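Q: The lines below spell out each chain.
Number of protein chains: 2
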Amino acid sequence: MNKKAVCLLSGGMDSSTLAYLARNQGYDIYALHFMYGQMTEKRELACAKAIAESLNAAEFLKIPLAHFSLIGKSSLTDASMEIEDYGEGDPSLPNTYVPFRNANLLSIATSFAEARDADAIFIGVQASDYAGYPDCRPEFIDAFQKVMDIGTSQEAKIRLLSPFVKMNKTDIIKTGIKLGVPYELTWSCYKNNEEACGRCSSCHFRLEAFANAGLKDPIEYEAGL
Amino acid sequence: MNKKAVCLLSGGMDSSTLAYLARNQGYDIYALHFMYGQMTEKRELACAKAIAESLNAAEFLKIPLAHFSLIGKSSLTDASMEIEDYGEGDPSLPNTYVPFRNANLLSIATSFAEARDADAIFIGVQASDYAGYPDCRPEFIDAFQKVMDIGTSQEAKIRLLSPFVKMNKTDIIKTGIKLGVPYELTWSCYKNNEEACGRCSSCHFRLEAFANAGLKDPIEYEAGL
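Each protein sequence line maps, in turn, to chains S and F.
With our numbering as the guide, the letters of the first sequence map in order to residues 1 to 225.
With our numbering as the guide, the letters of the second sequence map in order to residues 226 to 450.
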């Protein structure tokens, strides 16, 4: 029997590459996708589903989360706040920050992993995230592993794996190209327009990474980019 | 301005006493209640609301959580599983165990606390819980505090307080009686009958605690108890 991995799969570039990496390492994929009221919720769901299908995932579980919107304080989940473009706002805490989001997502992933007797959880945090997001830092991942070890039943032995945590997005794309990740199925833009905006920080880092890797991003961007 | 505390408020005996204790310590109460598909969801909500009102809570936030039911594996959220009575089943892991529940609830509480600039989170875990529930142990609380410290923004200084962690339910009731907790407004039974069953482990420990404190539980139990 194969090992089982719960993969946090947003439908973006990093998490899609990560799920391919997990499969390449011999894991059956239990894809976990979150709908938390972000503007791009529907599109991300479609992308995550398409990636999970392309991977023959053993399970695709989508979780609706009402509480980030109810709690507020992030431009990703509060329509009255403007999403900052790259370079705007406070670089030490962008307004796209959702307070303590990754602990929320990893807690659900751990519940899912424990219920399915999974061996691992894969999360795609990476270096350029943790300038602004405290819950993406390697120390955070280490501390969360301890909470998992203590807070699950004795039989559960779940490893929290973040193989991209010291990689940048250029390295991630190079890895993904080797693994055959269909990047045309992924979506990274924070805004919900027909084509990616090319200006939010998520687009900025994605475009920069494709350029650094000497590749063309296969998704469409707004005219002029 | 008063200090602010996020209080996890299920509407049961422990969490209601805890919210009264927090108010007694000078905190404004930000009550946080979860509806996660447990059989007694509606009744618990009514109790939690009544307690929050009796406390003049600054905010009462109820959070619907779909994922525990979707993930399954607990008799509290899966109607096809029978809720064990006290003394039945595996005492080291009762079938009422919801995998990693407290990490999920504390993650949401931390997001809420960070968004409201709160000073503390109160959680009512106590000694008789942690025979069976790994996510109620003092080591778990300590490990989670570290995750909170690392995973929130630099400005956030949120203390995770579990003043009952080494108390038993008898001590908690004695504390609550001094604080004037209206126990007639609380509900502990795992089953969703008109009156509390008196036989599930939650009823068992509640009744035992009232008896040990030399008091009569003001809620109704099924005939013969």
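For the record, the hints were derived by calculation from the structure and aren't laboratory data.
Treat the hints with care, as some may be off.
Claimed, not checked - Derived pair list, reagent style SDA-like, types lysine to any residue, alpha-carbon separation capped at 25 Å:
id : chain 1 : residue 1 : chain 2 : residue 2
1  : S       : K42       : F       : S294
2  : F       : K287      : F       : E266
3  : F       : K267      : F       : E447
4  : S       : K4        : F       : E447
5  : S       : K146      : F       : Q250
6  : S       : K157      : F       : L295
7  : F       : K229      : F       : G262
8  : S       : K178      : S       : F210
Just so it is clear, the structure is predicted and the values come from calculations on it, not from any experiment.
Q: Hint by hint, note whether the structure agrees.
A: Hint check results:
Restraint check for S:K42 and F:S294: satisfied, since their Cα atoms lie roughly 22 Å apart, inside the 25 Å limit. Note on F:K287 and F:E266: the hinted pairing holds, with a Cα-Cα distance of about 11 Å set against a maximum of 25 Å. As the CA atoms of F:K267 and F:E447 are separated by approximately 19 Å, the hinted pair is consistent with the 25 Å bound. At most 25 Å may separate the alpha-carbon atoms for a hinted pair to count; S:K4 and F:E447 exceed this at roughly 45 Å.
At roughly 31 Å between alpha-carbon atoms, S:K146 and F:Q250 are farther apart than 25 Å, so this suggested pair is violated. About 22 Å separates the Cα atoms of S:K157 and F:L295, which keeps this hinted pair within 25 Å; it holds. With a CA separation close to 29 Å, the supplied pair F:K229 and F:G262 exceeds the 25 Å bound. Distance check on the hinted pair: S:K178 and S:F210 sit about 14 Å apart at the alpha-carbon level, within 25 Å; holds.
Hint compliance for this structure: hints 4, 5, 7 are not met, and every other hint is.
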